[in-house]
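Enquirer: As a plain string of letters, each chain reads:
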Amino acid sequence: MLDTPFVTVRRFNVTVRDVLKCVLGLRDAEVDVYFRLLELGEATVYDLAEDLNRDRTTIQKALKSLVHAGLVNRRKETRPRGGYVYVYEPIPFEEAKEIILRALDEWYEAVKAALEEVDVENIGKE
Amino acid sequence: MRAPDGTYVVRLTLPPGFVPAEALRVVADLAEKYGDGRVHLTVRQTIEIPGVHPDRLEDLLEELRERGLEPGSTGPRVRQVTCCPGADTCPNALARTVPLARRLHEEFVDVWVPAKVKIAVSGCPRGCTRPEDNDVGVIGLGEGRWRVLAGGVDLGDYEGEDEVVEVIEDVLAWYSSNAPLGTRLKRFAAERAERLQEAVGVD
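Going down the list, the sequences are from chains A and B.
Position one of the first sequence corresponds to residue 1 (this note's numbering), numbered consecutively onward.
Position one of the second sequence corresponds to residue 1 (this note's numbering), numbered consecutively onward.
FYI, nobody ran anything at the bench for these hints, they're computed from the structure.
Computed from a prediction, not measured in an experiment: that's the story for all the values here.
One should not assume that every hint holds.
To be verified - With a Cα cut of at most 27 Å, we get these calculated DSS-like pairs of lysine-lysine:
| id | chain 1 | residue 1 | chain 2 | residue 2 |
| --- | --- | --- | --- | --- |
| 1 | A | Lys21 | B | Lys116 |
| 2 | B | Lys116 | A | Lys112 |
| 3 | A | Lys97 | A | Lys112 |
| 4 | B | Lys118 | A | Lys21 |
| 5 | A | Lys21 | A | Lys112 |
| 6 | A | Lys97 | A | Lys21 |
| 7 | B | Lys116 | A | Lys97 |
Said to hold, decoys possible - Here are the simulated distance ranges between beta carbons:
| id | chain 1 | residue 1 | chain 2 | residue 2 | range |
| --- | --- | --- | --- | --- | --- |
| 8 | B | Lys33 | A | Glu106 | 37 to 45 Å |
| 9 | A | Asp51 | B | Arg130 | 39 to 47 Å |
| 10 | B | Gly144 | A | Asp28 | 36 to 44 Å |
Said to hold, decoys possible - If you want a taste of the chain B side facing chain A, the calculated C-beta under 10 Å gives, among others:
| id | residue |
| --- | --- |
| 11 | Gly75 |
| 12 | Glu106 |
| 13 | Glu107 |
| 14 | Asp110 |
| 15 | Asp170 |
| 16 | Ala173 |
| 17 | Ser176 |
Quick reminder that beta carbons are idealized off the backbone N, C-alpha and C, glycines included.
With these hints in hand, go ahead and build the complete structure from the sequences.
Expert: Structure representation (structure tokens):
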């Protein structure tokens, strides 16, 4: 579903991945982690690193980004042998859609306002 | 990054503090091979290779990674952490900045945020890296204590690197869940000093 176009706009096929990358500025690795989490329900950094065959630092940073973007929540769980581990849980895609739509509106408004002001001869100059 | 003449400027990510001479040799090679033989030393303590022809950009990025260097972040991400050399070489410093700056680099660089976030570490309150002007600033006070600022707002003093990492994590979480996309932390924090202090638990 992630990489299957859900709409074609002026002959351009748009996927959910495209939208997340374009509107929220996320990267492929982050999009992959979010969608894998949706399938798994929840997971730790270790689970995801193994599952997606990426190193732990990459997964850790991708998760931090997703938490910041509001797409993933994390909670602390105490381990039976002591210490704790963070468990990451994605927000449902229906809720993610709201975040995307809000960002899309902000992006549209910003580009629209800038475009109305723009003057071809002065593009790139401040 | 595209320059007005249509060529590309490739920015690197360098670990804060000291750059190994070998990395500089690699940069020199790449600048001669793919660029115009010059580099720019940026205000954020990294290096940019200008004059890269669009057709050669992918090859440069590939060779860069093969030889152990990484391109720098652009867009809504935490940028390279800057620091002074600290007590390793500066007689005025009260703290060793490089280990903390590298730790922050590992924890935060390239993480998604609503707008770019710049972090600077200084080894004493003279603040040569301008911690008060950065989105997040950390000032060494000596004896393992650090003062943390966000947008110039004082968030209190912390004991040891772990506490510094934790408070910066809290600041970024507060910022990410409250600020509209595109609003810099510096401005957002300065305009909401009390709410931020409350969010990170400053008395």
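Enquirer: Against each hint, give a clear statement of whether it holds in the structure.
Expert: Verification of the hints:
In summary, the hint linking Lys21/A to Lys116/B is supported, as the alpha carbons are separated by about 16 Å, within the 27 Å threshold. For the suggested pair Lys116/B and Lys112/A, the alpha carbons sit about 22 Å apart, so the restraint of at most 27 Å is met. Note on Lys97/A and Lys112/A: the hinted pairing holds, with a Cα-Cα distance of about 22 Å set against a maximum of 27 Å. For the proposed pair Lys118/B and Lys21/A, the alpha carbon gap of about 22 Å is at most 27 Å, so the pair holds.
Distance restraint check for Lys21/A and Lys112/A: the Cα-Cα separation of roughly 20 Å lies within the 27 Å cut-off, and the hinted pair is therefore satisfied. This hinted pair checks out: Lys97/A and Lys21/A have alpha carbons roughly 13 Å apart, not beyond 27 Å. Between Lys116/B and Lys97/A the CA atoms are separated by roughly 24 Å; this keeps the pair inside 27 Å, and the hint holds. In this structure the supplied range 37 to 45 Å holds for Lys33/B paired with Glu106/A, their Cβ-Cβ distance being about 41 Å.
Checked against the hint of 39 to 47 Å, the pair Asp51/A and Arg130/B passes, with Cβ atoms roughly 42 Å apart. The given range of 36 to 44 Å is respected by Gly144/B and Asp28/A, whose C-beta atoms sit roughly 40 Å from each other. Proximity of Gly75/B to chain A holds as hinted, the smallest CB-CB distance being about 5 Å (cut-off 10 Å). With 10 Å as the threshold, the beta carbon of Glu106/B comes within range of chain A, its nearest partner Cβ sitting at about 7 Å, so the hint holds.
At its closest, the beta carbon of Glu107/B sits 8 Å from a beta carbon of chain A; the interface hint therefore holds under the 10 Å criterion. Because the smallest distance between the Cβ of Asp110/B and any Cβ of chain A comes to about 6 Å, under 10 Å, the interface hint for this residue holds. Hint status for Asp170/B: violated, given a least beta-carbon distance of 12 Å to chain A, over 10 Å. A least Cβ separation of about 7 Å between Ala173/B and chain A falls short of the 10 Å threshold, and the interface hint therefore holds.
This hint holds: Ser176/B has a C-beta 4 Å from the nearest C-beta of chain A, less than the 10 Å allowed.
Against the hints set out earlier in the document, a violation occurs for number 15 only.
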